[in-house]
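Novice: For reference, the chains in residue letters:
Protein chains: 2
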Amino acid sequence: MKRNIRFLLEYDGSRYYGWAKQPDQEMTIQGKMEQLLARITGMESVEVIGAGRTDAGVHARGMVCNAHLETDLPVDELRSLCNQYLPDDICVLEVKEASPRFHARYLATGKTYRYTCCGGPLKPVFERKYVWTIPAEWHPDLNAMREAAAFLTGTHDFASFCANPRVKKSTVRTVDSIEIAQHGPFLTLTYHGDGFLQHMVRILTGTLMECGIGWRTPSSIPELIEARDRKQAGMTAPASGLCLMSVDYN
Amino acid sequence: MKRNIRFLLEYDGSRYYGWAKQPDQEMTIQGKMEQLLARITGMESVEVIGAGRTDAGVHARGMVCNAHLETDLPVDELRSLCNQYLPDDICVLEVKEASPRFHARYLATGKTYRYTCCGGPLKPVFERKYVWTIPAEWHPDLNAMREAAAFLTGTHDFASFCANPRVKKSTVRTVDSIEIAQHGPFLTLTYHGDGFLQHMVRILTGTLMECGIGWRTPSSIPELIEARDRKQAGMTAPASGLCLMSVDYN
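Residue numbers (our numbering), protein chains in the order written: chain A, 1264 to 1513; chain B, 1264 to 1513.
Among these hints, one or two may not hold up.
What the hints assert, rightly or not - What follows is a list of derived Cβ distance ranges for each label pair:
| no. | chain 1 | residue 1 | chain 2 | residue 2 | range |
| --- | --- | --- | --- | --- | --- |
| 1 | B | Pro1337 | A | Arg1302 | 31 to 37 Å |
| 2 | A | Asp1492 | B | Tyr1512 | 57 to 63 Å |
| 3 | A | Arg1429 | B | Pro1398 | 48 to 54 Å |
| 4 | B | Asp1420 | A | Arg1278 | 43 to 49 Å |
Stated by the list, open to error - From the derived model, a few chain B residues whose C-beta atoms are all more than 10 Å from chain A:
| no. | residue |
| --- | --- |
| 5 | Arg1316 |
| 6 | Lys1431 |
| 7 | Arg1436 |
| 8 | Tyr1512 |
Derived by calculation from the structure, the hints in this document are not laboratory data.
For every residue, glycine included, the Cβ atom is placed at its ideal position computed from N, Cα and C.
Isolated chain A (complex conformation) (with noise of 0.2 Å):
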């Protein structure tokens, strides 16, 4: 019989073009962890049962995701095995022996991202791939920022938050929190959510720094989440700023 087997896992996404397997692409994080837990266990194929998709570029800290796996090695092992084979950017954290119903996708009830940008007159050498480094001429304000961020807070329909025009299911979202930090140089915006449409965690970073940065005001947010038009909201924030921090399970 197999077993259930869930995956706590990081990443440093810069090499990736992203989460989700894609045919003829071998960088991909999902795809990765197929192919090894196939050589692992001696399986013909496995399916890797992701959180979510993180884009290209886009980091994690807290990835979770499950396989159905014909194995006898103990959890512990198989993590040693995976470190052991996975490339330096992409770490095992926890393997655990899951419910035979547990899915990671389905049964996800919320996530933490968090973003990161880097502003002032100095580049940020050590953190250049884990952060937006922002024009020296920016200043945002955090207090514009945090009054933009109370209207997104709550359950919107987020559609002018969306990459995908197309997308046929809904696009209602709850968003818990979203909170805005400085520290030192560096700008953090947590977000909690029930879950985030495509892109919509940059877009919302964009257009809240474009209301710190003055381009937009605090108060225009509402008739943009009412218009359910991308084209209304700010600029996609670039993937390097974002990491998804954990996701949670009842």
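Starting from the known structure of chain A, fit chain B onto it as the hints suggest.
Specialist: Below, chain B without anything else, positioned relative to chain A:
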């Protein structure tokens, strides 16, 4: 008249063949700085004097250098121009007017280097280029390392810890302090001294690690110093874990 300009630099050494310029090797920090300053000032050639040479792959958070420049540009504008044209893994933190006699190498009275190791079963995904990832089965004993470090502190002939066996100048140096600390999986060794020989910090770190994991005893250190023989010291720890933190001047 030429002005003597002093620079404070930060760089990620991963992509570079070290500080010192080399014929037929584009990727050196000194080379990048000299090229850039010639371009900015319109001078035919510029000599940049560094406080010391960092090896290929070694990082810096506080390298000091100086150059005699023919330019009227204010120091802040010089800094902006440098940061605009330098690759994103080198940053000029400060630019100052220096006295005509300031010399970044001759007048340096002390240096601080930090070496960072990462142990434990998990790979450091986001810090992997800035640490030495030691094997999971190594469990360094900090007390043994500190005991060994106490023997190394002080004024000694460090010939056993010098990569260059044909060095003609004195190999006597004073190491004031070696602080060893653990933060989660990261083990840091912070060295302060009046100067360091070629690979000296990396060989000291390799030797201290060997004491930590029981391959040699702390009490064997005095005779190792006495031997003045590189072959009797420990391994050379990898460049990636090393960072020049600061340079002292009176």
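Novice: Regarding Arg1429/A and Pro1398/B, is the given constraint of 48 to 54 Å on their beta-carbon distance met?
Specialist: At 50 Å between Cβs, range holds.
Novice: May I ask you to check that Lys1431/B keeps its beta-carbon over 10 Å from the closest beta-carbon of chain A?
Specialist: Since the minimum Cβ distance to chain A is about 35 Å, Lys1431/B lies beyond 10 Å and the statement holds.
Novice: For Tyr1512/B, is the shortest beta carbon distance to chain A beyond 10 Å?
Specialist: Nearest chain A Cβ is 22 Å from Tyr1512/B, so the label holds.
Novice: Between the beta carbons of Asp1492/A and Tyr1512/B, is the distance compatible with 57 to 63 Å?
Specialist: 59 Å, holds
Novice: Quick check on a hinted range of 43 to 49 Å for Asp1420/B and Arg1278/A, using CB atoms only.
Specialist: 46 Å, holds
Novice: For Arg1316/B, which was marked as not at the interface, is the minimum beta-carbon distance to chain A over 10 Å?
Specialist: Check passes; 19 Å lies beyond 10 Å.
Novice: Would the non-interface assignment of Arg1436/B survive a Cβ cutoff of 10 Å against chain A?
Specialist: The claim holds: Arg1436/B sits with its nearest Cβ about 28 Å from chain A, beyond 10 Å.
Novice: Is the gap between the beta carbons of Pro1337/B and Arg1302/A within 31 to 37 Å?
Specialist: 60 Å, violated
This entry does not satisfy hint 1, going by the numbered hints stated previously; all others are met.
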